[in-house]
Amino acid sequence: MSQYLLSVHGNDEIYAAMDPDLMQTTYEQVNVFNAELQAKGSWVFAGGLHSATTATVVRVSDGETLATDGPYLESKEHIGGFWIIEAEDLDAALAWAAKGSAACGGPVEVRPFEGEPAADDA
Amino acid sequence: MPASDFDTRLGSIFRQESGRSVATLVRIFGDIDIAEEAVQEAFAIATKRWPATGVPPNPGAWITTTARNRAIDRLRRETTRHGRHVQAALMDEDDKPVEEFSALSDDRLRLIFTCCHPALGPNVQIALTLRLLGGLQTPEIARALLVPEATVAQRIVRAKKKISAAHIPYRVPTAAELPDRLPAVLGVVYLIFNEGYTATSGAELVRSDLCNEGVRLARLLAELMPDEPEVLGLLALLLLTESRRAARTAADGSLVLLADEDRSRWDRTSIAEGQAIVRACLQRNAPGPYQIQAAISAVHSDSPSTAETDWYQILRLYDQLFAQSPTAVVALNRAVVVSEVDGADAALAAVDVLPLDRYHLFHAIRADLLVRLGRFTEAGVAYARASELTTNGAELAFLESRRASLPGPPERSR
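Protein chains in written order, with the working numbering: chain A, 1 to 122; chain B, 123 to 536.
Next comes chain A alone, as it looks inside the complex (with noise of 0.2 Å):
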């Protein structure tokens, strides 16, 4: 078993004017994926975040540390949410993303995490 990461990216400008039964629409169809990644087992972790304008950015260079209101990337289209999943393989990853896609109504990046899962003879 691999752990990869799905996240949703879109515009934060699309969401805020979005129809609100069309939200609430989507908000019912990721309950769903979200059940069923738990009932296959697949689940690790999962969260919307709030737009990227509530975002602060931290460095610490030179012993300094500086925060700078709002995101890292100055871009239109930020990470909106996310699913941290079990798979067997990056086949079984894309299909549980082609689900989250299809719920959630966004394009979903797959990314696999570095190392494996504790493995129980390491």
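No wet-lab data here; the hints were simulated from the structure. Be a bit skeptical, because a hint or two may be false.
Result set (EDC-like, lysine to aspartate or glutamate): computed pairs, CA atoms no more than 20 Å apart in a straight line [said to hold, decoys possible]: (1) 282/B with 89/A; (2) 284/B with 88/A; (3) 284/B with 36/A; (4) 282/B with 91/A; (5) 283/B with 91/A; (6) 284/B with 91/A; (7) 99/A with 302/B; (8) 282/B with 12/A; (9) 282/B with 88/A; (10) 283/B with 114/A; (11) 284/B with 114/A; (12) 284/B with 86/A; (13) 99/A with 299/B; (14) 284/B with 158/B; (15) 283/B with 109/A; (16) 99/A with 36/A; (17) 284/B with 89/A; (18) 282/B with 382/B; (19) 76/A with 109/A; (20) 99/A with 109/A; (21) 283/B with 77/A; (22) 283/B with 36/A.
To give an idea of the chain A side of the interface with chain B (calculated C-beta under 7 Å), a few residues [claimed, not checked]: (23) 2; (24) 5; (25) 89; (26) 91; (27) 112.
Positions of the beta carbon are idealized from the N, C-alpha and C atoms, including for glycine.
Chain A is fixed; fit chain B onto it per the hints.
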């Protein structure tokens, strides 16, 4: 045997056998780098040993066994880096007789589906397939694809890293997945052949190394998936296309059109093989784009001349092809057939609506039709546009000569 003959023989054994050996070792060790290095090492040993001992009766099995043993030795030496499960796997491997892993052709099938995984980009799929299944070295792939060696090396390194980091599986897709996954594999083999058939750049029209590699890979797929009609269709299409290779260029390397090809130079052996496959496909009655294109090619290969070609049958096949793949390029090729059946007027009307302004053959075909309609000035403009867009030297020379041979418009009067 003189040294150079031996090198040639070894080179051809490497091309024949390395894909199978690499595929088997990837299955055993679950790692492409380990597999590739071990197979390279085994061939290095063969280069030293075989001149004295002679080539063994089954060189592929020898290479696979030697490579497997080398890889096991290496992993044992580095054993601290590997867990107990690797040790266990190694113990297990030690007991297996050679035969068991010498005949497993489906290892190569696994490998090609890994190489052509949809999570890898098309360029990467091609480079990786040529390297791992075709047994081509990085410089050979770079020469074949006309890209710098460093680019090919980087693509392969990244691909291997992604396969291992993202856990791209090493298995043949299930029957349910196959319809989604097979087209990419067929597409890679088709692209390899096609890149050879009309090279994207360079002066030569045909790059026979890539054509040969494409046919070889198509044969391998047909051997591995003998029940997939589209796999057989691809092999038939490549064989029938390949059969015309010698006639497609004149002695000076310039391009010859189908209508002007010397059909006595067509390779009858390839035609017979291709046609037999097309007939077998027809009996299965599960047509797909490759089978239909092969059938079209089979009709041409039956015809003694353009005039005697059964254009009606070809048009019916194009209708069938367009129903399955309704693309503008198929519509363009269909229009060429329309010109034979219904005349240049009808064909031009069909061509003019196609959104293919960036495609050189669109302009070349338009130009030919305009010539037949006596609209020479417009034809000249269209040939010029086609010349601008082609990147192949032989095609460019051909288009320029067509334009130059147009009946002289007033401004060219001498």
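Hints versus structure:
| no. | hint | result |
| --- | --- | --- |
| 1 | 282/B with 89/A | holds, 15 Å |
| 2 | 284/B with 88/A | holds, 16 Å |
| 3 | 284/B with 36/A | violated, 28 Å |
| 4 | 282/B with 91/A | holds, 16 Å |
| 5 | 283/B with 91/A | holds, 16 Å |
| 6 | 284/B with 91/A | holds, 13 Å |
| 7 | 99/A with 302/B | holds, 17 Å |
| 8 | 282/B with 12/A | violated, 36 Å |
| 9 | 282/B with 88/A | holds, 19 Å |
| 10 | 283/B with 114/A | holds, 12 Å |
| 11 | 284/B with 114/A | holds, 11 Å |
| 12 | 284/B with 86/A | holds, 17 Å |
| 13 | 99/A with 299/B | holds, 16 Å |
| 14 | 284/B with 158/B | holds, 16 Å |
| 15 | 283/B with 109/A | holds, 18 Å |
| 16 | 99/A with 36/A | holds, 10 Å |
| 17 | 284/B with 89/A | holds, 12 Å |
| 18 | 282/B with 382/B | violated, 46 Å |
| 19 | 76/A with 109/A | holds, 17 Å |
| 20 | 99/A with 109/A | holds, 12 Å |
| 21 | 283/B with 77/A | violated, 28 Å |
| 22 | 283/B with 36/A | violated, 31 Å |
| 23 | 2 | holds, 5 Å |
| 24 | 5 | violated, 11 Å |
| 25 | 89 | holds, 4 Å |
| 26 | 91 | holds, 5 Å |
| 27 | 112 | holds, 4 Å |
Violation of the numbered hints given earlier is confined to hints 3, 8, 18, 21, 22 and 24; the remaining hints are satisfied by the structure.
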